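Let's have the full structure, built from the sequences with the hints guiding it.
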Amino acid sequence: MSELPNFAPALPEIFIALSAIALLLLGVFRKDDTTQGISALAIVAMLFAGLLVPAAAGGRSVTFGGMFVVDGFSVFAKILVLLASGFTLGMSVNWLVREKLGRFEYPVLVLLATLGMMLMISANNLIALYLGLELQSLALYVLAAYQRDSGRATEAGLKYFVLGSLASGMLLYGSSLIYGFAGSTGFDALARSFSQGAPIGVIVGVVFVLAAIAFKISAVPFHMWTPDVYEGAPTPVTAFFAVGPKIAAFAMLVRVMVGPFGDLTHQWSQVIVFISIASMVLGAFGAIAQNNIKRMMAYSSIGHVGYALIGLAVGDQVGIRGVLVYLAIYLFMNVGTFAVILSMRQKGRLMEGIDDLAGYSRSHPMTAVALAVFMLSMAGIPPLAGFWGKFYVFMAAIDKGYVGLAIIGVVTSVVSAFYYLRIIKVMYFDEPVEVLDHGTGKGLSFIVAVNAVLVALFIFAPSSLVSSAGTAAAALFGG
Amino acid sequence: MIQALVFYLFAAVAVASGVMVISARNPVHAVLFLILTFFNAAGLFLLCGAEFLAMVLVVVYVGAVAVLFLFVVMLLDINYLKLREGFLQYLPTGALIGLVLLAELLLVFGSWKFAPDAPLSVGTHVPDPAVVTNTDAIGRLLYTEYFYLFQIAGLVLLVAMIGTILLTLRSRTGVRKQKISSQVTRTKADSVEIRKVPSGGGI
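Which chain is which? The protein sequence lines are A and B, in order.
Mapping of the first sequence onto this note's numbering: position 98 corresponds to residue 98, and the numbering continues sequentially without gaps.
Each number in this note's numbering comes from the position in the second sequence (counting from 1) with 1000 added on.
Warning: the hint list may mix true and false statements.
[What the hints assert, rightly or not] The calculated label-pair distances, taken between Cβ atoms and stated as ranges, are:
(1) Leu1099/B - Thr265/A: 27 to 37 Å
(2) Phe1071/B - Pro221/A: 29 to 39 Å
(3) Val453/A - Thr1173/B: 46 to 56 Å
(4) Pro54/A - Pro1092/B: 47 to 57 Å
(5) Leu1099/B - Pro383/A: 47 to 57 Å
(6) Phe1007/B - Pro54/A: 53 to 63 Å
(7) Gln1183/B - Leu172/A: 47 to 57 Å
(8) Ala40/A - Val1067/B: 38 to 48 Å
(9) Leu1157/B - Gly37/A: 20 to 30 Å
(10) Val1067/B - Leu172/A: 19 to 29 Å
Everything labelled a hint here was simulated from the structure, so no lab data went into it.
The model shown is predicted, which means the values in this text are computed figures rather than measured ones.
Think of the CB as a built atom: it goes at the ideal place given N, C-alpha and C, for glycine as much as any other residue.
See the structure below:
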């Protein structure tokens, strides 16, 4: 045990951790307001880590006594997470300055949460998984309550914290049952132990772990916190919640289910099928009655999780490829939509009502077109990107004989089209009551434009994303 | 024989005081019973030969956590009777969930068996307890094999620290703080003025 572990695979994580600490020191020692500068540096750090991620990985490598794994799958998921964090941090800077809430801890916490997500994705051990998850969640609890003078934000933070701790408890309980059976927490050893099936006690443990992760991706029936937290938390934080942590938790779920429990597919896939159907249905019907756009996006994200879960329920390489494509497209649609929501201001105040968008097409024609693109894409209307995300997932399901699941998916996406189209109707056909502000920041417009173009033009170059998702999925199946 | 007797003593007191923690009317008593539970658990650890865990339990849980609880309970003016109002109302649901969990646990332990290679993976990393003390053994594992986890745990604590400061620190205006540097750098010339007072004139 005297030799040092191989640090090379973990280079991006080490870099992010060190830069978070360096930025924290910088913020503490500089007396003036450094939020903008530190946010910019944090985004640069994420970009650099994004370059390091593919460079540090070559095939599958395991380090730190088998607790940390890097493979094609982790590279794909980490790049998505870094993109999500970078975009959402870029969106927040403007908000922090306008609301006079600028504190340098914000970018540092985002950076540490991102680190937690990357550790979750690379976890190859139940303890490493738990610690990565806690690192991420703890930073998110604080971010949810960031606007500490607002009662709603504090309530959101507290609610998230209490329910999140409950989920952590379930994860630990399930892990302890699994450890009690196999005598190890390493994923490789677990996979070996379960190759000949598992007794009922372990299945109970797996279900507990599944429930805890379902909480983190806000799948029904563990979704209760989502609308309240999304509505209460400050909008940039909501944007961050909606993409990064979800993608990371999803990647973790896929790795756990396919890796150590890969031989127990028959036991867990029925659970996944159930939560997938429940999430799709609740996401579709729950959002109809919402008037707050953040609440609506919460239900929409619950629905999207349901669609992505179809790919996991299928459980083969094609299904996982579908999940990854779906998550990547989900990232761009959500970042774009939240960038539009963040630019909805009236006399300097941030607006959240769907009715406030009335007449948006006349006052902000370009942004309205972009939002329409995002909404149509989320509804799954071809030829926009969202359609292809659903297409790959549904095709995988039909190939494996999960026709019922695919049919429910199509029906619920038709239902959900109602509320996506309602936003377009409000923007284009309703008379404006009060016009929203112009000129809400170049950065936001840039993010909206980039994402709108990506979502709209995905059809012309789908192969690059699909093939890289394919290689990532293959890495998980030892191909 | 004596060991078994001591075990049952510790175990019985631990369970009894655990019940008292949730049934005591006075919250201060509940915290004190919690401390008693911790002490008994520490005793049980000692019986297993895990002296380090026993000491850490007393130092960390009794010394820090429980005392903190006591502070919070005494400082906050919470009406505990009001908190208990819904108790009977939620009792049936709680009892049902408890029963389901109990049934699950019975099912789990009824059919429990270990994986064939479980003993192999358990025994490999642990140093021989006859040769090294158990503090030494934990240290050796923590800083070598579990170094990675140790580092992440450190980062988790860092986040907790940043979070507490971020959510609670307020810089108030109008507070007169002691400035030690300016106190120390004061010289006689700044503060004392010597004047010749003419007799009968005053200043």
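Those earlier numbered hints the structure runs against, lowest number first:
none
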